[in-house]
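Make the full structure from the sequences, and use the hints.
Taken in sequence, the protein lines are chains P and V.
First residue of the first sequence? That's 9 in the working numbering, and the numbers climb one at a time after it.
First residue of the second sequence? That's 9 in the working numbering, and the numbers climb one at a time after it.
In case anyone wonders, no lab produced these hints; they're calculated from the structure.
Since the model is a prediction, treat every value here as computed from it, not as a measurement.
C-beta: ideal position from N, C-alpha, C; glycine also.
A couple of the hints might just be wrong.
Quick look at which bits of chain P chain V covers, simulated, 3 or more residues with Cβ under 8 Å [as the list claims (entries may be wrong)]:
(1) 235-247
(2) 344-353
Pair ranges (Cβ atoms, derived) [to be verified]:
(3) P/Asn276 x V/Phe34: 55 to 63 Å
(4) P/Asp232 x V/Phe34: 34 to 42 Å
(5) V/Lys280 x P/Glu204: 36 to 44 Å
(6) P/Phe81 x V/Asn336: 51 to 59 Å
(7) P/Thr408 x V/Ala154: 33 to 41 Å
(8) P/His249 x V/Phe34: 48 to 56 Å
(9) P/Glu229 x V/Glu225: 16 to 24 Å
(10) V/Lys253 x P/Asp406: 50 to 58 Å
(11) V/Lys205 x P/Arg36: 29 to 37 Å
The calculated BS3-like cross-link candidates involving lysine-lysine, where the alpha carbons are at most 25 Å apart (straight line), are [unchecked claim]:
(12) P/Lys366 x V/Lys186
(13) P/Lys167 x V/Lys186
(14) V/Lys366 x P/Lys167
(15) V/Lys161 x P/Lys366
(16) P/Lys186 x V/Lys167
(17) P/Lys38 x P/Lys237
(18) P/Lys366 x V/Lys26
2 protein chains.
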Amino acid sequence: MVRLRGFQKLTTIEEAKKLFFDNQKFRRWKIELVPIWDALNRVLADDLIAGENLPRFDRSAVDGYAVKARDTFGASQFKPKTLKLTSGSEVKKGEAKQVWTGNRLPIGADAVLMLEDVRRVGDSLIEVWTAVTPSENVSKRGEDIAKGEVAAKARTRLKPHHLALISALGISEVPVFKKPKVAILATGNELVEAGEKLRQDQIYETNRIMLASLCHELGAEPIDLGIAKDDIDEIKQKLKHGLKKADVAVTTGGTSVGVSDLVPTAINELGKPGVIVHGIAMRPAMPTALAVVDSKPIIVLSGNPVAAFFGFEVFARPLILRILGIENESRPIVVARLTRRTSTVLGRKTFVRVRVFKQNGEFYAEPISARGSGIISTLTRANGYIIVPENRDGLEDDETVPVHLFDALEVFNENV
Amino acid sequence: MVRLRGFQKLTTIEEAKKLFFDNQKFRRWKIELVPIWDALNRVLADDLIAGENLPRFDRSAVDGYAVKARDTFGASQFKPKTLKLTSGSEVKKGEAKQVWTGNRLPIGADAVLMLEDVRRVGDSLIEVWTAVTPSENVSKRGEDIAKGEVAAKARTRLKPHHLALISALGISEVPVFKKPKVAILATGNELVEAGEKLRQDQIYETNRIMLASLCHELGAEPIDLGIAKDDIDEIKQKLKHGLKKADVAVTTGGTSVGVSDLVPTAINELGKPGVIVHGIAMRPAMPTALAVVDSKPIIVLSGNPVAAFFGFEVFARPLILRILGIENESRPIVVARLTRRTSTVLGRKTFVRVRVFKQNGEFYAEPISARGSGIISTLTRANGYIIVPENRDGLEDDETVPVHLFDALEVFNENV
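Below you can see the structure in the form of structure tokens.
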């Protein structure tokens, strides 16, 4: 019964990730075409090439008068030049035509005078108070995006401003990667669905909704497999069913060493290679296991909600991003000053929950004291975390550290 | 025709916001009850009070053996103590009972020995190698959230970890503020819907999808009013219809001074007080107007997509947050070093688009050169912005500045 003594060896996060990813094939992901109105936060599957120049024609960048720049040379407030207003389609020598921002530049014109730099004299003349150079106040054809240029790169997560650019090119449907499907299973005899009645020794299940929500935030589609009892056959059957429909499976609970080590056992019976890593040199989330069955990854998280959160953060998040082909996308990072010292355990990468806020122009991070990974309120009182490396036993008061934000930053005493 | 010369007076952002907000009544917002599975990113309407202790009972925080702490006093690896295993419901003097993380602490036990600190001797005994103090490795009843405590404050935007906590309390439905409805109207004779065919001098409409997406991100519900021609009656009729269904209206286009100044004119004809501010000392988005008609706020944005983006950012975003009662929620802010100098205009608060990234542990912000607020790619090449105050004509190379992120941070050459 050696295993009862705890994990014999803990694997570092980096090693574990490498082993896990090396056991998977990351092929080009499945693609679907969606209307741009449904494309927010989806990930572009192909480079989007501009089929047209943007703008499609030289246009005025301001409200004012289109002119030949040369006609304004030498004009000043003390020595204005006079131009004749035209309503024709062409601006000839000595003429000006009124234009509004965005209007196509009339033939013959090569610059625009701003309203402020002109005085209207009657209905047919303007006095020009300043000189403009050719192309001044003009948006040149193709200066935003030239025809043939890449307007948005493959693997861009589409945000509001990307959708504006895509619309500007007249594109109404875009190829995006399908949402990876993530099957989520909670295990534990003691678990009951929120809203139902608790009996003695039972507790409410908390992790499925949290993990499903994290999937939504990443652009993955959660598939809820519900709650399984601590029963190898039930776990196997539900996981098998889930893996048929999903691309990734995530479980919580039943991952500690010992008699309750059911999920890893079930997974090893399900297929090869099974569990690849079990026991990570991190805190919380030490009992996390990583597995692959029939080419599908399974992330086996602790039943403790805080451990499940960080196990998901460290392994499921980069996995989902990698499936979607996204590189370098990070949670926002704020560098902040610790309000007090916090101690951690040597030899484990420790994820310290903090509340980070900006006050009077300075960023502060207040460590949330935690007594265990079961204390969910250490997450809800926090909005970010600090990663303390294995070779440190804590962080000093006043130390400046990068904080990874998983919730909004709070700002006090500031405008805008 | 004095107005043709441009805005006579620009209002600062702070003044404009104050005038705009002072002309509105922010009453307690409408509430609805939603299932927690639909509550992600919704805003909690009331304090959520814990009806039960969390945990509901003292429980083991580790896998191990529940004991009376006193029985372990003096135990060490050199001088272990021996305890008798029990399978009963109570732990008596000299006894230990095996427990797994999360198990209710058996009657009589007051601490838990970790597996690592114990050696099992046959089926009925354990050797204890270390002493534990009372409550050691125990999650005390109510230590996460005590009965009657506020588990989540009113006005919390519900993130995955909040939903976990709410589930833990057995709550399956939560009162949230209704989504403010935002009617969005684009105006302009030249505008065509993406996907349709362009004729000479026409351009594709870009702003409705961008603004609707920004509304989604904030937890508001956009109502698309489509495109209106540059026609006062059409604008009035569409806005009136929109204001009937919506809580806020946002328009784009037709806001410059001059003959195309149609939207402010239409609004003033619609009702009182009408346009409150027109012309803001900011860049881009100078021609933004703020109005109130029959107690409903209207934000009149420029037709230029970049100006529309920043007008929304500065006025619509805080308005929507204020309606939802959210204070202090900020976009993530990263302090970064400018990769090169950037010049701005004195007397205007300038929003400089930058691409911010983290490389080898340092944050850098690369200004995106912009030649006009019509250049959408200055947004898509950026992921954040810097606010340059009115009294500066630029920022120096190497200067360290706060960047507001509107898209994901890019991180290079780093592990988590």
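Could you tell me whether the CB distance from P/Glu229 to V/Glu225 stays inside 16 to 24 Å?
holds, 19 Å
Starting from P/Lys366, check that the Cα of V/Lys186 is at most 25 Å away, please.
Distance of about 29 Å is beyond 25 Å: violated.
Status of the given 33 to 41 Å range, CB of V/Ala154 versus CB of P/Thr408:
Holds, at about 34 Å.
Starting from P/Lys167, check that the Cα of V/Lys186 is at most 25 Å away, please.
holds, 24 Å
At the C-beta level, are V/Lys205 and P/Arg36 separated by a distance inside 29 to 37 Å?
holds, 33 Å
Taken at face value, is the distance from the CA of V/Lys167 to the CA of P/Lys186 at most 25 Å?
The given pair, whose Cα atoms are some 24 Å apart, holds under the 25 Å limit.
Evaluate the given range 55 to 63 Å for the C-beta pair formed by P/Asn276 and V/Phe34.
At roughly 58 Å between Cβ atoms, V/Phe34 and P/Asn276 fall inside 55 to 63 Å, so the hint holds.
Are P/Asp232 and V/Phe34 spaced within 34 to 42 Å by their CB atoms?
holds, 38 Å
Mind taking a look at whether chain V covers the stretch 235-247 of chain P? Criterion is 3 or more residues with CB to CB distance under 8 Å.
violated (count 0)
Between the alpha carbons of V/Lys366 and P/Lys167, is the straight-line distance 25 Å or under?
holds, 20 Å
Please count how many residues of the stretch 344-353 of chain P have a CB within 8 Å of a CB from chain V and say whether that reaches 3.
It is violated: at least three residues are needed, and the stretch 344-353 of chain P offers just 0 whose Cβ sits closer than 8 Å to chain V.
Does V/Lys26 sit within 25 Å of P/Lys366, going by the straight-line distance between their CA atoms?
holds, 22 Å
Of the numbered hints given earlier, the model fails hints 1, 2, 5, 12 and 17; all others are met.
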